[in-house]
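For reference, the chains in residue letters:
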Amino acid sequence: MGGGTSSYQEIEETDCILLWGSNARETHPIFFHHLLAGLKRGAKLYAIDPRRTASAQWADVWAGLDVGTDIALSNSMAREIISSGLANHEFIEHATTGFAAYRELVEPWTLERGEAETGVPAAVIREMAHTYAGAKRAIICWTLGITEHHTAVHNVMALINLALLTGQVGRWGSGLNPLRGQNNVQGGGDMGALPDRLPGFQHVENDEVRAKFDRFYGVPVPPRKGWHLSDMFNAMDRGELRALYVIGENPVQSEADQHRATRLLEGLELLVVQDIFLTETAQRADVVFPAAAGAFESDGTVTNSERRVQRVRKTLNPPGEAREDLAIICDLARKLGHDWTADAETVWNEVRQLSPIHAGMSYQRLEKMSGLQWPCYDDQHPGEWFLHGRLWERPVRGPRAPFSPVKHELPLDELNADFPLRLTTGRRLAEYNTGVQTGSYASPTRRGETIDVSPEDARRLGIAEGPPVRVISRRGVVVAPVHIDHALRPGLTFMTFHFPDDVPTNMLTSDATDPLVGTAEFKATAIRIETGSGIGDPGSGFSPLPVGSRTPDPGSSAWTSTSSGLSPRTWNVRRSIACWVQPRPVGTGRLATLAATAAPPLADGRSPAIVTCYCPPVTRCRTQSAGSATVPSTTSARGWRCRPRKPGAWSRSTICWRPSRVQPPSPMSVMTSRAA
Amino acid sequence: MSHDEISFHLPPPAALIPAPPAVAAPVMVPLTIDGRAVEVPAGATLIDACKTLDIDVPTLCYLETLTPVNACRVCVVEVEGARVLAPACSRAVEAGMVVKTRSPRVDLSRKLVLELLGSSVDLSTAPGLSGMMHEYGARPDRFQEVLGSPSSVSSVAQPVKIDNHLYVRDYGKCVLCYKCVEACGTDAQNTFAIAVAGRGFAAHISTELDVPLPDSACVYCGNCIAVCPTGALMATPEFELRQAGQWRPETQAVTDTICPYCGVGCTLTVHVQDQQIVKVTSPFDNAVTRGNLCVKGRFGFEYVNRTQSD
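Protein chains in written order, with this note's numbering: chain A, 1 to 676; chain B, 677 to 986.
Do not rely on the hints blindly, as some may be mistaken.
[To be verified] Beyond 12 Å from chain A on every Cβ pair, some chain B residues (computed):
| id | residue |
| --- | --- |
| 1 | Leu692 |
| 2 | Pro697 |
| 3 | Ala720 |
| 4 | Leu761 |
| 5 | Leu784 |
| 6 | Gly804 |
| 7 | Ser806 |
| 8 | Ser828 |
| 9 | Leu889 |
| 10 | Asn899 |
| 11 | Glu926 |
| 12 | Gly973 |
| 13 | Arg974 |
[What the hints assert, rightly or not] Straight-line distance between alpha carbons at most 30 Å, and here's what the computed DSS-like set of lysine-lysine pairs gives:
| id | chain 1 | residue 1 | chain 2 | residue 2 |
| --- | --- | --- | --- | --- |
| 14 | A | Lys368 | B | Lys727 |
| 15 | A | Lys225 | A | Lys136 |
| 16 | A | Lys335 | A | Lys368 |
| 17 | A | Lys40 | A | Lys225 |
| 18 | B | Lys727 | A | Lys40 |
| 19 | B | Lys776 | B | Lys787 |
Rather than coming from a laboratory, the hints here were simulated on the basis of the structure. Just so it is clear, CB atoms sit at the ideal spot from N, CA and C, and this is done for glycine as well.
Turn these sequences into a full structure, and let the hints guide you.
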């Protein structure tokens with residue numbers, strides 16, 4: 001079962017908090033309230049982050065490690081814990097496996113080596129190790145600073161190892177908690193929006209589980225796991241994936257390699273997009289279903305970072321012809337000859353029948369108890385505050401927890417003389433992702449996109465607060481104004497991705513991905529900064545290219561070698577890690593069954609695959625008024641009938657309000673290189 | 677990696693359902709309120725004790741989620757044997773206390789407090805205040821009669837501060853209850869953008885050096901608006917609708933949903949008037965939020981509101 005092991009209440013009652021790769025103060029503000037309550041009660045906070053973030057400012061100790069050295073730090077802490085005799089050997093012997101190999105792996109990671117590799121002083125590593133291991137209760141929290149690396153899974157495992165080593169898991173106030181970035185990322189996983197899972201984290205290749213679903217739905221569930229997003233994209237390239245049903249996602253704009261994404265999506269035989277905005281992807285679709293906004297215009301449930309399933313309720317009627325996702329899916333099913341009528345509660349009760357961990361969560365109980373935390377096995381079960389308590393039972397109930405020895409690897413986008421600066425990305429408090437939702441409200445703290453640099457680098461480069469500079473990576477060039485940030489160390493720079501229309505930050509970011517799960521390495525990009533007069537002016541000799549163009553940098557041979565030398569480029573899964581693919585004619589559950597009938601067989605007789613992306617309907621939208629919205633023809637080139645739409649009924653104009661203290665240069669566009 | 681034992685089968689349910697460690701049963705303290713005996717845990721306040729007896733004690737500056745500051749003195753009660761009236765919101769219970777929540781002395785005190793507030797502060801948007809005034813027979817205008825003219829009565833009236841697009845500050849309505857300061861400070865947000873500056877009648881809520889909000893430390897979470905008992909702090913949509921005479925709470929549909937942004941899962945109480953979201957709050961008794969939200973949750977709903985073109 002994948003989810004944070006602790007409850008928010010526990011962080012108020014713990015003694016030691018490692019906030020690792022997370023700026024929760026800005027990105028999870030109300031969680032941070034709970035954390036602050038813990039600090040007030042006396043907990044020690046260690047902020048492990050390359051930047052001295054707003055969260056780090058609350059920490060007892062800020063461990064400013066170099067980007068991508070998390071495993072080195074963790075292994076170094078582990079070695080210190082073991083060599084100081086602070087490991088919880090009783091727990092290790094009782095509840096874990098693989099300790100010997102782990103001890104061997106971390107043995108060379110002395111404090112000195114840790115310091116050399118991570119940049120964190122040995123004394124700090126030592127203190128963190130001793131405090132964490134010695135605390136009566138200790139919690140590790142992390143966010144995308146851990147997972148947006150090509151070593152995403154290994155990074156997480158490195159943290160799990162620390163908890164197993166010290167027994168800081170499965171008890172009140174001790175646990176491991178990924179803070180979820182979107183309101184239903186956890187819920188997507190709960191519902192089986194993962195390549196290898198059915199609802200309730202039940203493995204699709206487990207015959208017993210599958211038989212249950214077979215019986216329930218009256219169709220055989222395919223016995224093999226599906227594709228994650230990276231796989232899907234490669235399958236599109238191979239021509240195996242020919243039809244795509246995209247719900248609430250905008251790959252055309254969120255893809256790191258936009259050329260490839262666009263080409264592959266346009267090459268599909270059928271592209272269906274269901275969204276609340278007419279996104280770039282939707283504009284390329286054969287069929288567009290205008291959908292209701294999840295949080296305000298439809299009924300259902302979402303799951304939060306403490307595994308709490310909570311009710312979402314309809315408060316507004318959707319505009320124009322927009323309809324709830326469920327209604328659209330049922331209608332589609334009916335058109336295809338399946339008599340489906342369902343409301344959100346009926347579907348939820350279906351989940352309860354199939355997923356043991358959700359079985360006890362009736363709408364009535366969810367209502368009465370302000371949500372319930374899974375696992376909740378029956379109508380009497382109160383839900384569980386924390387997971388893995390079984391590891392402390394005697395004997396251990398179920399399998400023991402394995403150590404996963406993981407090796408330190410530096411980010412793939414290497415620093416060198418041509419690209420000497422490390423760029424890392426993240427969110428700001430008042431903004432959210434690509435700004436589709438937040439762009440519509442007038443945040444007084446909004447200051448537009450900037451390239452944040454340390455005072456030392458600014459001095460060295462001779463750049464000042466305000467004027468735009470060129471930011472160049474091995475993949476592209478953008479122009480952004482400078483912001484001097486004292487929270488950055490020399491060599492480290494920072495950008496958000498909140499204003500892609502102005503500064504398409506993801507033109508720069510690395511397309512390296514974790515081979516295990518396909519998460520892209522957005523946190524570690526090698527860049528350089530160039531200055532000069534007239535940057536950003538139309539007549540500066542840098543002719544703008546359309547967004548999505550890639551700009552080779554003739555000054556560096558690294559460009560060509562890098563693009564082919566990195567891991568396979570993949571679909572940008574940055575904000576939509578929950579994805580489920582079923583490359584089969586007969587699928588699992590409703591959507592897949594639907595898919596089998598929705599898409600006609602291909603010319604060669606094979607059936608097309610269908611993909612569903614479950615994530616919040618957060619997508620990139622062009623600022624457009626009703627009048628300027630393009631009305632696609634009612635019949636697409638491939639003969640698929642589009643849903644007729646009135647532009648007025650569909651658009652949600654975004655009011656962009658940018659009272660920036662730093663004026664972004666205009667026009668903000670991707671620039672060609674000097675040679676071009 | 678998917679086929680290791682641990683992920684291939686769901687782990688078995690724990691034998692003991694995980695729960696917080698047991699805490700020792702609290703020592704119960706007996707006392708008498710309005711002639712009725714009651715027992716409450718040691719450390720509880722008089723107002724907690726009153727609640728268990730369903731005795732209503734009026735409050736302005738009190739909120740369950742905030743540390744009591746004893747500023748408004750509306751909640752005072754009479755404790756037998758005590759020289760002065762005690763603020764029920766903060767006075768801890770003691771064994772054998774005999775408390776009167778209504779007595780001529782209590783009523784007179786409450787009446788005077790309400791009259792002093794009402795004479796100097798615009799309480800027109802404070803919910804429940806007019807009922808309180810009526811109940812205690814408070815007549816804030818009687819000072820005018822005594823002093824002869826409205827201008828001779830001291831007042832905090834001043835222009836509304838509008839310096840950002842999200843909320844306004846009308847300190848002519850401020851009763852200096854400190855709730856906003858507490859919510860901005862250690863009780864919730866820990867941003868410390870505001871404090872009470874000045875003394876005596878010149879005391880007022882202020883940003884550092886009285887700078888406008890955009891120049892202050894404010895992060896626009898609006899947790900101050902949520903706790904303000906008089907409408908001195910008000911989100912812009914409500915303020916503008918009130919100005920236009922179109923604020924109609926009786927027609928508003930109020931629904932709880934979950935915030936569409938990050939994964940913390942904050943409950944949003946959405947107030948909808950004419951198919952427009954006009955206000956967002958969160959329940960104070962919610963375990964996740966305790967009534968607090970961030971700027972996105974409280975203000976970031978415009979994308980679903982209709983524009984003229986829709």
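Minimum Cβ-Cβ distance from leucine 784 of chain B to chain A exceeds 12 Å: holds, 39 Å
Lysine 776 of chain B paired with lysine 787 of chain B [C-alpha distance capped at 30 Å]: holds, 16 Å
Minimum Cβ-Cβ distance from arginine 974 of chain B to chain A exceeds 12 Å: violated, 10 Å
Distal placement of asparagine 899 of chain B relative to chain A, Cβ over 12 Å: violated, 9 Å
Reported absence of glycine 804 of chain B from the contact zone with chain A (all CB gaps over 12 Å): The assertion about glycine 804 of chain B holds, with a minimum of 25 Å to chain A.
Hint consistency between lysine 368 of chain A and lysine 727 of chain B [alpha-carbon to alpha-carbon, up to 30 Å]: holds, 22 Å
Given as non-interface: serine 806 of chain B, partner chain A, CB spacing beyond 12 Å: The assertion about serine 806 of chain B holds, with a minimum of 29 Å to chain A.
12 Å cut-off, C-beta based - glycine 973 of chain B kept clear of every residue in chain A: violated, 8 Å
Distance restraint between lysine 335 of chain A and lysine 368 of chain A, which requires alpha-carbon spacing of 30 Å or less: Outside the cut-off at roughly 37 Å; violated.
Chain A versus serine 828 of chain B - minimum CB to CB distance exceeding 12 Å, so not interface: Non-interface label stands for serine 828 of chain B: nearest chain A Cβ at 39 Å, farther than 12 Å.
Given as non-interface: leucine 761 of chain B, partner chain A, CB spacing beyond 12 Å: The assertion about leucine 761 of chain B holds, with a minimum of 31 Å to chain A.
Agreement of lysine 727 of chain B and lysine 40 of chain A with the hint, judged by alpha carbon distance not exceeding 30 Å: With Cα atoms ~28 Å apart, lysine 727 of chain B and lysine 40 of chain A stay inside 30 Å; holds.
Of the numbered hints listed earlier, those contradicted by the structure are 1, 2, 9, 10, 12, 13, 15, 16, 17.
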